[in-house]
Amino acid sequence: MSMRGRHLDANSMYKRGTREHGFDALDKEQGPERLLNGMGKDVGVPSWKHSLRHVLVATLSSFLYGYHLGVVNETLESISRDLGFHGNTMAEGLVVSTCLGGAFVGSLFSGLIADGVGRRRALQLCALPMIIGASMSAAAKSLWAMLLGRLFVGTGMGIGPAVAALYVTEVSPAYVRGTYGSFTQIATGLGLMGSLFIGFPAKAIEGWWRICFWASVAPAAILALFMEFSVESPHWLFKRGRAADAEAEFEKLLGGPYVKSAMAELSKSDRGDEADTFKFSELLYGHHRKVVFIGSTLFALQQLSGINAVFYFSSTVFETAGVPSESANMCVGIANLLGSFVAMILMDRLGRKVLLIGSFSGMVVAMFLQITSATSLVSRGSGVYLSVGGMLLFVLTFAIGAGPVPSILLSEMFPGRVRANAVSVCMAFHWIVNFFVGLFFLRLLEQIGPLVLNSIFGAFCLLAVLFIKKNVLETKGKSLQEIEIALLPSE
Numbered sequence: 000m001s002m003r004g005r006h007l008d009a010n011s012m013y014k015r016g017t018r019e020h021g022f023d024a025l026d027k028e029q030g031p032e033r034l035l036n037g038m039g040k041d042v043g044v045p046s047w048k049h050s051l052r053h054v055l056v057a058t059l060s061s062f063l064y065g066y067h068l069g070v071v072n073e074t075l076e077s078i079s080r081d082l083g084f085h086g087n088t089m090a091e092g093l094v095v096s097t098c099l100g101g102a103f104v105g106s107l108f109s110g111l112i113a114d115g116v117g118r119r120r121a122l123q124l125c126a127l128p129m130i131i132g133a134s135m136s137a138a139a140k141s142l143w144a145m146l147l148g149r150l151f152v153g154t155g156m157g158i159g160p161a162v163a164a165l166y167v168t169e170v171s172p173a174y175v176r177g178t179y180g181s182f183t184q185i186a187t188g189l190g191l192m193g194s195l196f197i198g199f200p201a202k203a204i205e206g207w208w209r210i211c212f213w214a215s216v217a218p219a220a221i222l223a224l225f226m227e228f229s230v231e232s233p234h235w236l237f238k239r240g241r242a243a244d245a246e247a248e249f250e251k252l253l254g255g256p257y258v259k260s261a262m263a264e265l266s267k268s269d270r271g272d273e274a275d276t277f278k279f280s281e282l283l284y285g286h287h288r289k290v291v292f293i294g295s296t297l298f299a300l301q302q303l304s305g306i307n308a309v310f311y312f313s314s315t316v317f318e319t320a321g322v323p324s325e326s327a328n329m330c331v332g333i334a335n336l337l338g339s340f341v342a343m344i345l346m347d348r349l350g351r352k353v354l355l356i357g358s359f360s361g362m363v364v365a366m367f368l369q370i371t372s373a374t375s376l377v378s379r380g381s382g383v384y385l386s387v388g389g390m391l392l393f394v395l396t397f398a399i400g401a402g403p404v405p406s407i408l409l410s411e412m413f414p415g416r417v418r419a420n421a422v423s424v425c426m427a428f429h430w431i432v433n434f435f436v437g438l439f440f441l442r443l444l445e446q447i448g449p450l451v452l453n454s455i456f457g458a459f460c461l462l463a464v465l466f467i468k469k470n471v472l473e474t475k476g477k478s479l480q481e482i483e484i485a486l487l488p489s490e
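Numbering-wise, the sequence shown is residues 0 to 490 according to numbering that gives the first Met the number 0.
The hints are all genuine.
Simulated pairs of lysine-lysine, DSSO-like, Cα-Cα distance not exceeding 27 Å:
hint	residue 1	residue 2
1	Lys352	Lys475
2	Lys475	Lys289
3	Lys475	Lys48
In case anyone wonders, no lab produced these hints; they're calculated from the structure.
Using the sequences plus the hints, can you model the full thing?
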């Protein structure tokens with residue numbers, strides 16, 4: 000073997016692992032990846048700065064996702080009063096949950112859209128229903144107009160985060176891909192916080208809720224405009240047979256010295272993909288079914304952990320401790336944001352699997368605190384503060400791993416030919432589980448009580464730890480091509 004060949008094998012960012020060794024071989028690598036130029040000269044690692052601005056623009060879709068999730072928290076009472084359905088819990092529930100139906104539809108078609116028009120255009124398209132829906136909601140004179148607006152917004156919410164996860168994964172250098180992927184969780188947290196801040200005056204100022212909806216039009220328009228000046232995914236371009244365009248985009252993302260190595264590795268894993276016809280049955284019965292199972296299970300466990308119940312109960316628990324509901328929502332939002340920043344720092348240092356295990360383990364401890372606070376083992380006063388502490392710990396640890404990692408991991412683990420459609424299927428499953436958890440949560444709460452329900456949530460968190468240890472592979476610092484080769488079935 001020549002010196003150049005040995006050097007390439009040791010240091011290339013785009014080096015392919017063997018199926019026999021899989022991730023065991025890949026995990027022996029230490030430090031960030033390095034690249035060789037066309038002459039075999041080591042040129043180090045590509046700068047993270049080239050791709051940063053493109054990633055930041057894409058994460059605006061996650062900001063909008065978080066904003067529209069939280070925009071009705073402070074405004075629902077004034078909306079119901081102004082539109083004439085105050086006290087109708089079914090109608091109020093529909094205003095909140097109609098987004099879920101739209102998001103399910105949007106996520107189901109997000110893969111087809113992303114593969115059909117490209118990641119960049121798909122992100123621009125997701126802004127359109129958000130602009131239309133927010134405008135309809137802001138101008139609504141009846142419940143049905145509000146619901147239609149929320150349905151449009153939900154469609155954009157279903158498309159945006161799924162495509163953003165793909166886009167960020169495909170334009171980021173491997174050594175910062177996890178860090179950049181955690182930006183989507185931070186953006187979601189900022190969106191939630193933003194909706195809470197803007198919604199504070201809603202109870203005091205008549206019609207303020209309309210301003211809250213109008214405010215979301217601006218970031219959606221900025222997303223659509225700025226994506227026009229962002230790069231397209233080189234992976235998508237190459238898959239469409241546009242190798243020259245892919246090369247040009249790699250130069251913008253990585254810099255000139257890294258283009259040849261990137262293109263060479265891309266051609267190894269994706270060659271011939273553009274000629275293949277994708278069938279959804281491949282995801283259910285083909286050799287991708289195991290990854291689909293892992294992804295869908297992760298999303299299911301994420302929802303079954305009880306995160307929505309914690310958010311639902313936050314105001315009640317904090318009010319028991321003498322904290323107003325507005326401050327309670329803000330405390331939970333800060334905990335979520337703090338955990339997201341911790342995830343950003345640790346994602347490419349500790350790895351996805353470590354964060355997932357640590358996150359769900361912390362959630363088990365948090366649920367134990369919640370359960371203990373509801374028993375006779377502690378006094379009422381101590382129980383309140385124990386419950387508050389457990390709730391904040393739960394949100395914090397969720398945001399460190401269970402929140403951001405599944406979407407990052409799924410975008411990394413699927414090969415380019417099926418990535419968009421596979422992620423859309425897993426995200427659609429996420430929305431289905433989310434819907435049913437929301438549907439049965441209150442009924443279960445009434446029938447079995449919070450103590451038993453929190454015990455069930457804690458059991459699901461523990462189950463998640465065991466599932467992750469057995470089934471999830473580490474992808475930290477690996478190129479998408481290395482991951483794809485390692486996951487190929489043995490012949």
